[in-house]
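**Student:** So you can see what is in the structure, the chains are spelled out below.
Protein chains: 2
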Amino acid sequence: MEDTVRVAAEELKGYIERIEKLEQEKKDVQDHIRDVYAKAADEGWDTKVMKQVIRLRKMDDDDREEQEILLDTYKRALGMSCESE
Amino acid sequence: MEDTVRVAAEELKGYIERIEKLEQEKKDVQDHIRDVYAKAADEGWDTKVMKQVIRLRKMDDDDREEQEILLDTYKRALGMSCESE
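Protein chains in written order, with the UniProt record's numbering: chain A, 1 to 85; chain B, 1 to 85.
Keep in mind that the hints are not guaranteed to be accurate.
Since copy identity is lost for identical chains, a pair holds within one copy or between any two.
[Said to hold, decoys possible] 25 Å max Cα-Cα, derived DSS-like pairs, lysine-lysine:
{"#": "1", "residue 1": "K75", "residue 2": "K26"}
{"#": "2", "residue 1": "K58", "residue 2": "K75"}
{"#": "3", "residue 1": "K21", "residue 2": "K48"}
{"#": "4", "residue 1": "K75", "residue 2": "K48"}
{"#": "5", "residue 1": "K58", "residue 2": "K39"}
{"#": "6", "residue 1": "K21", "residue 2": "K51"}
{"#": "7", "residue 1": "K26", "residue 2": "K51"}
{"#": "8", "residue 1": "K58", "residue 2": "K26"}
{"#": "9", "residue 1": "K51", "residue 2": "K39"}
{"#": "10", "residue 1": "K51", "residue 2": "K27"}
{"#": "11", "residue 1": "K58", "residue 2": "K13"}
{"#": "12", "residue 1": "K58", "residue 2": "K48"}
{"#": "13", "residue 1": "K51", "residue 2": "K75"}
{"#": "14", "residue 1": "K27", "residue 2": "K48"}
{"#": "15", "residue 1": "K13", "residue 2": "K39"}
{"#": "16", "residue 1": "K26", "residue 2": "K39"}
{"#": "17", "residue 1": "K13", "residue 2": "K48"}
{"#": "18", "residue 1": "K27", "residue 2": "K39"}
{"#": "19", "residue 1": "K26", "residue 2": "K13"}
{"#": "20", "residue 1": "K26", "residue 2": "K48"}
Think of the hints as simulated: they come from the structure by calculation, not from any bench.
Please model the complete structure; the sequences and the hints are all you need to start from.
**Tutor:** Structural data, given as C-alpha cells:
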C-alpha cells in the first residue's frame, strides 16, 4: 500500500515538474516577445499597429476582406469615417 | 528615398517575422502543457487541484502560510469551515 502511494506521489511529482518546466519555457518566450517589441519601439515602430498587423496576417484573405468591409460599415454607421461626411 | 522606405519595410518585416515565430513557439509550449494536463487527467489526477499546487509551489513559505491562514479565516467568517460549527 505504501509503495502504491509512493509510486502515485512520484507520478504526480513528474507531471507537476514537467508543467513547471514548460511554464518557465512559456515565460521565457513571452519575455523574448516583449524584448522584440521593446526594440521595435526604440526604433520608432508603433507596437499597437504591429500587433494589428500580426493579427491581420493570421487571417486568410477572405476573412480579412470581410472584416475590413464590416469595420468600414460600422465606422460609417457611427460617423467615424471621413467618407461619411 | 525609396531605398530608405525599402530598408524600413525590411526592418519592420524582420520584427514582425521574429514575433510571429516566437508566438508560434509559445503556442507549441501551450499545446504541450495542455497535453501533459490531459495525460494526468487520464491517469485520474484532478487538474484543477494540480493547478492549485503549482500556484502554491511558486510562492515562498511565508507567503503560502499567510495565504493559508487568511483563507481559513475567510472560510470561518463565511461559515464554510467545519471548525466553525
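**Student:** With reference to the structure, classify each hint as holding or not holding.
**Tutor:** Structure-based check of each hint:
no.: 1; hint: K75 <-> K26; result: neither (37 Å within a copy, 34 Å between copies)
no.: 2; hint: K58 <-> K75; result: within (23 Å within a copy, 46 Å between copies)
no.: 3; hint: K21 <-> K48; result: between (31 Å within a copy, 18 Å between copies)
no.: 4; hint: K75 <-> K48; result: within (19 Å within a copy, 43 Å between copies)
no.: 5; hint: K58 <-> K39; result: within (22 Å within a copy, 30 Å between copies)
no.: 6; hint: K21 <-> K51; result: between (28 Å within a copy, 14 Å between copies)
no.: 7; hint: K26 <-> K51; result: both (19 Å within a copy, 16 Å between copies)
no.: 8; hint: K58 <-> K26; result: both (20 Å within a copy, 15 Å between copies)
no.: 9; hint: K51 <-> K39; result: within (14 Å within a copy, 34 Å between copies)
no.: 10; hint: K51 <-> K27; result: both (19 Å within a copy, 16 Å between copies)
no.: 11; hint: K58 <-> K13; result: between (37 Å within a copy, 14 Å between copies)
no.: 12; hint: K58 <-> K48; result: within (16 Å within a copy, 32 Å between copies)
no.: 13; hint: K51 <-> K75; result: within (21 Å within a copy, 43 Å between copies)
no.: 14; hint: K27 <-> K48; result: both (21 Å within a copy, 21 Å between copies)
no.: 15; hint: K13 <-> K39; result: between (39 Å within a copy, 14 Å between copies)
no.: 16; hint: K26 <-> K39; result: both (20 Å within a copy, 19 Å between copies)
no.: 17; hint: K13 <-> K48; result: between (41 Å within a copy, 15 Å between copies)
no.: 18; hint: K27 <-> K39; result: both (18 Å within a copy, 22 Å between copies)
no.: 19; hint: K26 <-> K13; result: both (20 Å within a copy, 24 Å between copies)
no.: 20; hint: K26 <-> K48; result: both (22 Å within a copy, 20 Å between copies)
Violation of the numbered hints given earlier is confined to hint 1; every other hint is satisfied by the structure.
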